[in-house]
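Enquirer: Sequence:
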Amino acid sequence: MLELEHGFRIVDVYTQLPPDDGTGEDAITPDRLEREMHQAGITKAVVFPPATAETSYVAPNNGVARRSVDRPFVAFARINGTQRSEESATGRLRNAVSRRKDHHTTPEDVERYAYDDRFHGFVLEPGVDGYPDDDVLAVLDDVGLPVIVGGGVDAPPDTLATMLLDRSFPVVVAHFGGHPLERSLMNGMIDLLDKYDDCYVETSFVRYRRELERALLEHPDRVLFGSGTPACHPDVAVMEILTLDVSEDKLWRVFSKNACRVIDALGPDAELRE
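Counting from 1, position 36 in the sequence shown corresponds to residue 36 in full-length UniProt numbering; the numbering is continuous, with no gaps.
Source of the hints: derived by calculation from the structure; they are not laboratory data. Fair warning: this is a prediction, and the values are worked out from it, not measured in the lab. Glycine included, every Cβ here is placed at the ideal spot set by N, Cα and C. Be aware that a few hints might be false.
As the list claims (entries may be wrong) - Pair by pair, the computed Cβ-Cβ distance ranges are:
#, residue 1, residue 2, range
1, 7, 217, 20 to 28 Å
2, 217, 20, 36 to 44 Å
3, 54, 264, 30 to 38 Å
4, 3, 231, 17 to 25 Å
Based on the sequences and whatever the hints tell you, model everything.
Expert: Here is the structure:
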(Lines of atoms letter the chains of each structure in order from A and count residues from 1; the text may use other names and numbers.)
(Lines give C-alpha, C1' and ligand atoms only; values in the text may rest on other atoms or scores of the structure.)
Protein backbone atom coordinates (compact mmCIF):
# COMPACT_ATOMS: atom_id res chain seq x y z
CA MET A 1 0.00 0.00 0.00
CA LEU A 2 1.04 3.64 -0.47
CA GLU A 3 2.92 5.39 2.30
CA LEU A 4 0.59 7.83 4.05
CA GLU A 5 1.44 11.52 4.38
CA HIS A 6 -0.41 13.18 7.24
CA GLY A 7 1.93 15.06 9.61
CA PHE A 8 0.66 13.48 12.84
CA ARG A 9 2.70 11.55 15.38
CA ILE A 10 0.74 8.30 15.71
CA VAL A 11 1.03 5.58 18.32
CA ASP A 12 -0.92 2.33 18.12
CA VAL A 13 -2.28 0.59 21.23
CA TYR A 14 -3.65 -2.60 19.64
CA THR A 15 -1.29 -4.76 17.58
CA GLN A 16 -0.88 -8.52 17.87
CA LEU A 17 2.59 -9.97 17.32
CA PRO A 18 3.00 -13.76 17.42
CA PRO A 19 5.89 -14.98 19.60
CA ASP A 20 7.32 -16.77 16.53
CA ASP A 21 6.82 -16.49 12.76
CA GLY A 22 4.07 -19.14 12.71
CA THR A 23 1.73 -19.96 9.84
CA GLY A 24 -1.69 -18.70 10.97
CA GLU A 25 -3.87 -16.40 8.85
CA ASP A 26 -2.86 -13.40 10.97
CA ALA A 27 0.82 -14.34 11.34
CA ILE A 28 3.22 -11.46 10.79
CA THR A 29 6.97 -11.08 11.20
CA PRO A 30 8.48 -8.21 13.20
CA ASP A 31 10.14 -6.89 10.02
CA ARG A 32 6.85 -6.77 8.14
CA LEU A 33 5.03 -5.21 11.09
CA GLU A 34 7.67 -2.50 11.40
CA ARG A 35 7.50 -1.84 7.64
CA GLU A 36 3.69 -1.53 7.67
CA MET A 37 3.85 0.80 10.68
CA HIS A 38 6.31 3.02 8.82
CA GLN A 39 4.01 3.11 5.78
CA ALA A 40 1.15 4.30 7.96
CA GLY A 41 3.25 6.87 9.83
CA ILE A 42 2.98 5.00 13.15
CA THR A 43 5.85 5.85 15.50
CA LYS A 44 5.33 3.14 18.13
CA ALA A 45 2.94 0.26 18.72
CA VAL A 46 1.83 -1.76 21.73
CA VAL A 47 2.33 -5.43 20.84
CA PHE A 48 1.14 -8.62 22.56
CA PRO A 49 0.60 -12.30 21.70
CA PRO A 50 -2.69 -13.61 20.32
CA ALA A 51 -5.17 -15.17 22.75
CA THR A 52 -5.07 -18.95 23.11
CA ALA A 53 -7.46 -20.89 25.33
CA GLU A 54 -6.11 -23.01 28.20
CA THR A 55 -2.48 -22.12 27.53
CA SER A 56 0.09 -20.47 29.78
CA TYR A 57 1.12 -17.11 28.41
CA VAL A 58 4.57 -17.06 30.00
CA ALA A 59 6.42 -18.34 26.92
CA PRO A 60 4.37 -16.30 24.37
CA ASN A 61 4.85 -13.12 26.41
CA ASN A 62 8.60 -13.67 26.62
CA GLY A 63 8.67 -14.39 22.87
CA VAL A 64 6.95 -11.10 22.06
CA ALA A 65 9.26 -9.19 24.41
CA ARG A 66 12.28 -10.76 22.73
CA ARG A 67 11.01 -9.86 19.24
CA SER A 68 10.41 -6.26 20.36
CA VAL A 69 14.05 -5.53 21.20
CA ASP A 70 15.52 -2.66 19.14
CA ARG A 71 12.17 -2.08 17.42
CA PRO A 72 9.47 0.58 17.94
CA PHE A 73 7.36 -1.95 19.86
CA VAL A 74 6.04 -1.67 23.43
CA ALA A 75 5.39 -5.15 24.80
CA PHE A 76 2.32 -5.90 26.93
CA ALA A 77 1.93 -9.21 28.76
CA ARG A 78 -1.22 -11.21 28.08
CA ILE A 79 -2.89 -12.60 31.20
CA ASN A 80 -5.83 -14.90 31.94
CA GLY A 81 -7.98 -15.89 34.90
CA THR A 82 -10.44 -18.29 36.47
CA GLN A 83 -13.45 -15.99 36.77
CA ARG A 84 -16.51 -15.55 34.54
CA SER A 85 -19.27 -12.99 34.45
CA GLU A 86 -21.10 -12.68 37.79
CA GLU A 87 -24.33 -11.41 36.27
CA SER A 88 -26.02 -14.78 36.82
CA ALA A 89 -26.31 -17.08 39.83
CA THR A 90 -24.55 -19.80 37.83
CA GLY A 91 -21.59 -17.52 37.15
CA ARG A 92 -21.32 -16.50 40.80
CA LEU A 93 -21.44 -20.12 41.94
CA ARG A 94 -18.83 -21.16 39.39
CA ASN A 95 -16.51 -18.38 40.49
CA ALA A 96 -16.91 -19.34 44.14
CA VAL A 97 -15.59 -22.85 43.51
CA SER A 98 -13.09 -22.19 40.70
CA ARG A 99 -9.38 -22.68 41.32
CA ARG A 100 -6.33 -21.73 39.33
CA LYS A 101 -4.78 -24.33 37.06
CA ASP A 102 -1.22 -24.46 35.82
CA HIS A 103 -1.96 -22.27 32.78
CA HIS A 104 -3.61 -19.45 34.75
CA THR A 105 -1.85 -16.20 35.56
CA THR A 106 -0.85 -15.93 39.23
CA PRO A 107 -0.25 -12.85 41.40
CA GLU A 108 3.46 -13.68 41.25
CA ASP A 109 3.33 -13.67 37.43
CA VAL A 110 1.80 -10.19 37.46
CA GLU A 111 4.50 -8.91 39.80
CA ARG A 112 7.25 -10.34 37.60
CA TYR A 113 5.80 -8.75 34.47
CA ALA A 114 5.23 -5.42 36.23
CA TYR A 115 8.80 -5.10 37.47
CA ASP A 116 10.38 -6.47 34.29
CA ASP A 117 11.22 -3.40 32.20
CA ARG A 118 10.42 -5.32 29.00
CA PHE A 119 6.66 -5.06 29.74
CA HIS A 120 4.57 -1.92 30.12
CA GLY A 121 1.06 -3.22 30.75
CA PHE A 122 -1.30 -6.15 30.38
CA VAL A 123 -3.86 -7.51 27.90
CA LEU A 124 -6.94 -9.61 28.61
CA GLU A 125 -9.48 -11.17 26.23
CA PRO A 126 -12.35 -12.17 28.56
CA GLY A 127 -14.13 -14.36 26.01
CA VAL A 128 -11.04 -16.58 25.80
CA ASP A 129 -9.07 -15.79 28.93
CA GLY A 130 -11.76 -15.26 31.56
CA TYR A 131 -11.27 -12.60 34.25
CA PRO A 132 -8.59 -12.45 36.98
CA ASP A 133 -9.52 -13.54 40.48
CA ASP A 134 -9.41 -11.15 43.45
CA ASP A 135 -5.80 -11.96 44.35
CA VAL A 136 -4.56 -11.17 40.83
CA LEU A 137 -6.73 -8.03 40.67
CA ALA A 138 -5.23 -6.83 43.95
CA VAL A 139 -1.72 -7.06 42.51
CA LEU A 140 -2.87 -5.30 39.33
CA ASP A 141 -4.17 -2.53 41.59
CA ASP A 142 -0.84 -2.36 43.39
CA VAL A 143 1.33 -2.10 40.28
CA GLY A 144 -1.08 0.29 38.51
CA LEU A 145 -0.11 -0.54 34.93
CA PRO A 146 -2.75 -0.17 32.18
CA VAL A 147 -4.82 -3.17 31.13
CA ILE A 148 -6.21 -3.49 27.60
CA VAL A 149 -9.43 -5.52 27.67
CA GLY A 150 -11.15 -6.98 24.62
CA GLY A 151 -14.75 -5.75 24.67
CA GLY A 152 -17.68 -7.10 22.68
CA VAL A 153 -20.45 -9.66 22.68
CA ASP A 154 -18.39 -11.96 24.97
CA ALA A 155 -17.57 -9.07 27.32
CA PRO A 156 -20.29 -6.40 27.08
CA PRO A 157 -19.96 -3.03 28.81
CA ASP A 158 -22.08 -3.85 31.85
CA THR A 159 -20.07 -7.00 32.53
CA LEU A 160 -16.79 -5.13 32.20
CA ALA A 161 -18.11 -2.55 34.63
CA THR A 162 -18.94 -5.25 37.19
CA MET A 163 -15.72 -7.21 36.78
CA LEU A 164 -13.03 -4.57 36.14
CA LEU A 165 -13.90 -0.91 35.86
CA ASP A 166 -14.06 -0.14 39.59
CA ARG A 167 -10.37 -0.98 40.00
CA SER A 168 -7.59 1.60 40.42
CA PHE A 169 -5.59 0.72 37.28
CA PRO A 170 -6.37 2.28 33.89
CA VAL A 171 -8.55 0.10 31.64
CA VAL A 172 -8.51 0.50 27.86
CA VAL A 173 -11.55 -1.24 26.35
CA ALA A 174 -10.71 -2.52 22.89
CA HIS A 175 -12.99 -2.06 19.85
CA PHE A 176 -15.15 0.49 21.73
CA GLY A 177 -16.51 -2.52 23.63
CA GLY A 178 -18.54 -3.68 20.62
CA HIS A 179 -16.66 -6.39 18.72
CA PRO A 180 -17.80 -7.56 16.20
CA LEU A 181 -19.50 -4.40 14.91
CA GLU A 182 -22.22 -4.22 17.58
CA ARG A 183 -23.22 -0.55 17.57
CA SER A 184 -25.45 -0.81 20.63
CA LEU A 185 -22.55 -2.14 22.70
CA MET A 186 -20.23 0.59 21.39
CA ASN A 187 -22.71 3.27 22.42
CA GLY A 188 -23.19 1.58 25.79
CA MET A 189 -19.44 1.70 26.35
CA ILE A 190 -19.28 5.37 25.39
CA ASP A 191 -22.06 6.03 27.93
CA LEU A 192 -19.96 4.39 30.67
CA LEU A 193 -17.10 6.83 30.12
CA ASP A 194 -19.16 9.39 32.05
CA LYS A 195 -19.03 7.16 35.13
CA TYR A 196 -15.46 5.79 35.12
CA ASP A 197 -12.66 8.34 35.07
CA ASP A 198 -9.84 5.88 34.38
CA CYS A 199 -11.56 4.02 31.54
CA TYR A 200 -10.64 4.53 27.88
CA VAL A 201 -11.68 3.09 24.53
CA GLU A 202 -9.55 2.21 21.50
CA THR A 203 -10.54 2.31 17.86
CA SER A 204 -9.53 -1.01 16.24
CA PHE A 205 -12.33 -2.66 14.20
CA VAL A 206 -14.70 0.23 14.85
CA ARG A 207 -16.03 0.84 11.35
CA TYR A 208 -18.81 3.28 12.21
CA ARG A 209 -18.14 6.98 11.70
CA ARG A 210 -21.01 8.07 13.94
CA GLU A 211 -19.69 6.22 17.00
CA LEU A 212 -16.09 7.32 16.40
CA GLU A 213 -17.13 10.96 16.09
CA ARG A 214 -19.50 10.74 19.05
CA ALA A 215 -16.77 9.43 21.34
CA LEU A 216 -14.26 12.06 20.20
CA LEU A 217 -16.76 14.89 20.58
CA GLU A 218 -18.09 13.81 23.99
CA HIS A 219 -14.88 12.36 25.47
CA PRO A 220 -11.91 13.70 23.50
CA ASP A 221 -9.44 12.68 26.23
CA ARG A 222 -10.57 9.01 26.38
CA VAL A 223 -10.16 7.73 22.82
CA LEU A 224 -6.94 5.95 21.79
CA PHE A 225 -5.94 4.86 18.31
CA GLY A 226 -5.58 1.12 17.70
CA SER A 227 -5.02 -0.42 14.30
CA GLY A 228 -5.90 -4.08 14.89
CA THR A 229 -2.85 -5.15 12.89
CA PRO A 230 -2.26 -7.73 11.43
CA ALA A 231 -5.97 -8.48 10.88
CA CYS A 232 -6.35 -4.93 9.53
CA HIS A 233 -3.64 -3.03 7.63
CA PRO A 234 -2.62 0.03 9.66
CA ASP A 235 -3.00 2.30 6.60
CA VAL A 236 -6.73 1.50 6.60
CA ALA A 237 -7.10 2.14 10.32
CA VAL A 238 -5.29 5.48 10.11
CA MET A 239 -7.39 6.63 7.15
CA GLU A 240 -10.61 5.87 9.01
CA ILE A 241 -9.57 8.37 11.69
CA LEU A 242 -8.19 10.98 9.27
CA THR A 243 -11.53 11.16 7.42
CA LEU A 244 -13.60 11.93 10.55
CA ASP A 245 -15.32 15.31 10.79
CA VAL A 246 -13.52 16.46 13.94
CA SER A 247 -10.97 19.18 14.71
CA GLU A 248 -7.23 18.76 14.25
CA ASP A 249 -6.78 18.96 18.03
CA LYS A 250 -9.00 15.91 18.48
CA LEU A 251 -7.01 14.03 15.84
CA TRP A 252 -3.81 14.77 17.76
CA ARG A 253 -5.49 13.48 20.91
CA VAL A 254 -6.67 10.19 19.45
CA PHE A 255 -3.47 9.55 17.51
CA SER A 256 -0.98 10.17 20.32
CA LYS A 257 -1.69 12.57 23.19
CA ASN A 258 -4.24 10.38 24.98
CA ALA A 259 -2.25 7.16 24.67
CA CYS A 260 0.95 8.82 25.90
CA ARG A 261 -0.83 9.91 29.08
CA VAL A 262 -1.96 6.33 29.77
CA ILE A 263 1.13 4.42 28.55
CA ASP A 264 4.36 6.24 29.39
CA ALA A 265 6.50 4.11 27.06
CA LEU A 266 4.64 5.48 24.00
CA GLY A 267 5.69 9.07 24.67
CA PRO A 268 8.41 10.93 22.76
CA ASP A 269 10.45 11.23 25.98
CA ALA A 270 10.67 7.43 26.11
CA GLU A 271 12.20 7.44 22.62
CA LEU A 272 14.90 9.84 23.80
CA ARG A 273 15.71 7.63 26.82
CA GLU A 274 16.14 4.67 24.51
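Enquirer: Which hints from the list above does the structure break, by number from lowest to highest?
Expert: When the structure is compared with the hints, none of them turns out to be violated.
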